[in-house]
Amino acid sequence: MATQLQTPGAIGPEAVTTRAANAPAWLAERRRAAWEAYTALPMPDRTRDEDWRRTDIRGLEPDEYVVDPGPTGHGAGLVEAMREMRDRIAPDAAFVASTRNGVRALEGAEALRAQGVTVCSLEDAAVHDEAAVRRALAHVPVDGSKFTALWNALWRGGCFVHVPTGVEAAVPIVAAHSAAGDHAAILPATVVVLEAGASLTLVELEASPAAQGTMLSDAVSILHLGEGSRLDHCLLQRWSASTWHLATHRGVLERDSRLRFFAATFGSRLQKVYWDALLEGQGADATLTGVCFGGGDQHLDHQSLQAHRAPATRSDLLLKVAVRDRAQSVYGGLITVDRAAQRTDGYVQNRNLMLSRGARASGIPMLEIKANDVRCSHGVTAGHIDTEQRFYLQSRGVDPEAADRLIVRGFMQDALDRSPHAGFAEFVGGVLDEVVAGHSAAGVEAEGLS
Amino acid sequence: MSDSARLVVEGLRARVEGKEILNGVDLVVPTGEVHALMGPNGSGKSTLAYTLLGHPNYEVTGGSASFDGTDLLPLAADERARLGMFLCFQYPTSIPGVSVVNFLRAALKAQGKEMPAREFLRTLSAVMGELKIDESFRSRYINDGFSGGEKKRMEILQLALLRPRLAVLDETDSGLDVDALRTVAEGVDRVRGTDMGVLVITHYPRILEYLRPDAVHVLHRGRVVVSGGHDLARRIEADGYDPILGAGAGTAAREGNP
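Just so you know, the sequences run in chain order A and B.
Letter by letter, the first sequence follows residues 0 to 449 of numbering that gives the first Met the number 0.
Letter by letter, the second sequence follows residues 0 to 257 of numbering that gives the first Met the number 0.
One chain only, chain A, in its complex shape:
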């Protein structure tokens, strides 16, 4: 076997050792166990793994990507670009920005701290709020999958929010994750713990500049909703078109809690994203919404799980996808209903619009129902842009590109209307218009990046 010189700071045992050295013992142990699991697990395979049947990640060599770049000089530009996005989406929001070098900005959290809300890096929280962090991390086991294992071993910085019992967070929080540079690997980490009756609006941004060479993003969000709590979670994915993006966004809902999750997907060369809503407590309620636009050779994979594990739980998922050029969207949606989860109401729908002959979009919904008093249904549609709609707009003088922009915007409108945060919906609508108009999906135009 040929010995290869490892790139300094690349994904590998040394990076894990460095991370572990700076972590409390329990976390160091967890990181090492995760690395072992990662090295033991095979890469997902189209022929072997049902989840990956329609998504091919041959070509991704994680070991080639750099998690510890040392001082880069990128950081300030990236943070400033992300801050500008925060200003447009939610100018009142607290701001936590991470790059490969950890948390680089933490601003505007004074009002939250005065309420007793913890906002800090996940690294700090692992020291100062150990119980809450351990409880949350337990929702993403170290050996759950190849990429969650990698994340558990190597995440850095990260955004941690802990809202105490009964506290309604005074302002939203924007958690931004960004990276730049050829062969950069970033592992965005966001962990939210809401105690009983707490409420919060969280906006997560994942973005990188265009034309930075290939990148790898392996992200996990863990959202723990205590009894009767409410979380509005918005997520924007605008990685460069040469980024591999793997992610798990997992909400765990206790009794009578309510999650409104809204995700907008524009970037990456390939993404495999899991949305998991685990409805553990009676009366828990999750609304999941996605808008996704793909072009070029993008391959965008969403996979959702609505797991009804207690009685009278409700879930409603809507994913709207438009694809152009040779882009492909694949979606798999599973609703499970445990025997105990009577009076469950579960709904999943996926609507796809194809703007070019070479673009493909498909959805496969599945139901696994073990209870007998439930209401569950699903719907999937896929169609091409309507010639008559385009002609109607053109007949009023609107050029074909602007016509498509209007039609795509119209197609997405009912999903955009479900955004729990108006500023976010408006921002995403604007990004959608830009991307449909042919501008880059990449999310930051940072100064001084080479």
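Read the hints as simulated data drawn from the structure, not as lab findings.
Careful, some of the hints might be misleading.
Each pair of labels, with its calculated beta carbon distance range [what the hints assert, rightly or not]:
no.	chain 1	residue 1	chain 2	residue 2	range
1	A	ALA75	B	ASP70	53 to 59 Å
2	A	ALA195	B	GLY147	51 to 57 Å
3	A	GLU167	B	GLY111	48 to 54 Å
4	A	SER361	B	GLY147	32 to 38 Å
5	A	PRO12	B	ASP143	55 to 61 Å
6	B	SER226	A	ASP296	55 to 61 Å
Okay, the calculated bits of chain A under chain B, using three or more residues with CB under 8 Å as the criterion [to be verified]:
no.	stretch
7	384-395
8	398-407
9	410-422
Distance condition first, Cα-Cα at most 20 Å in a straight line; then the derived EDC-like pairs of lysine to aspartate or glutamate [what the hints assert, rightly or not]:
no.	chain 1	residue 1	chain 2	residue 2
10	B	LYS108	B	GLU118
11	B	LYS150	A	ASP385
12	B	LYS150	B	ASP178
13	B	LYS108	A	ASP398
14	B	LYS108	A	GLU433
Computed from a predicted model, the values in this text were never measured in an experiment.
Positions of the beta carbon are idealized from the N, C-alpha and C atoms, including for glycine.
Starting from the known structure of chain A, fit chain B onto it as the hints suggest.
Chain B only, in chain A's frame:
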């Protein structure tokens, strides 16, 4: 061909889905005149409208069409619209998610007729009032869930706002009750200036009583076989197409098959 002719169509042939529908249409609509195009079902009236406006499914196989001296045939639908052509659709398309107000602003902008927001809203309110369209339609999605009459009024609303130089009304009167017909006809009459040409495609002479056409043309088997004054429409109302087409159709057939 007159210098003041707005629309000049000569020997226009077109097919849709491989089927020849227009077999050499000749038609001139001078500036400021209202012309009616009549003819039995399947004679090619709507095909002519779509062909003139540049629908991508309608393929021109011969002849010419020009607008104020500009050759229409190489132009895409949106370019023709920006020249000042307008089609009142027989079956307007619905576009869910796109609000009427956003659509109208996009159309005005595309045609270089943008107005400041306040002026736009004031104009829109005034025109909606005249056409008896409820203000709530501003935020509704284009033609989505509209009744037949509402769709037709929305077409006239666009006509009034965009102020084209040639309006083609494709059976705008069909499916309307008498009151709606009067509203629509009055709407057309109101925006009909000295400059705007109008081509009214219709089965029914009633709308012509409101619009008083300068000329009436009868299309049959993809050709204009008879032209005349308003009285031609009245004769069709009284006697049907047969007495007229008997001669006209024969002529067309002879010319088509020498």
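Against the structure, the hints come out as follows:
1. A:ALA75 - B:ASP70: 53 to 59 Å: At roughly 57 Å between Cβ atoms, ASP70 (chain B) and ALA75 (chain A) fall inside 53 to 59 Å, so the hint holds.
2. A:ALA195 - B:GLY147: 51 to 57 Å: 55 Å, holds
3. A:GLU167 - B:GLY111: 48 to 54 Å: 50 Å, holds
4. A:SER361 - B:GLY147: 32 to 38 Å: 36 Å, holds
5. A:PRO12 - B:ASP143: 55 to 61 Å: Since the Cβ atoms of PRO12 (chain A) and ASP143 (chain B) sit about 59 Å apart, the hinted range of 55 to 61 Å holds.
6. B:SER226 - A:ASP296: 55 to 61 Å: Given range 55 to 61 Å: holds, Cβ gap about 57 Å.
7. 384-395: holds (count 10)
8. 398-407: holds (count 6)
9. 410-422: holds (count 4)
10. B:LYS108 - B:GLU118: Holds, at roughly 14 Å.
11. B:LYS150 - A:ASP385: The given pair, whose Cα atoms are some 19 Å apart, holds under the 20 Å limit.
12. B:LYS150 - B:ASP178: Status holds; Cα separation ~15 Å.
13. B:LYS108 - A:ASP398: Between LYS108 (chain B) and ASP398 (chain A) the Cα gap is close to 11 Å, so the pair holds against 20 Å.
14. B:LYS108 - A:GLU433: 18 Å, holds
The structure is consistent with each of the numbered hints, conforming to all of them.
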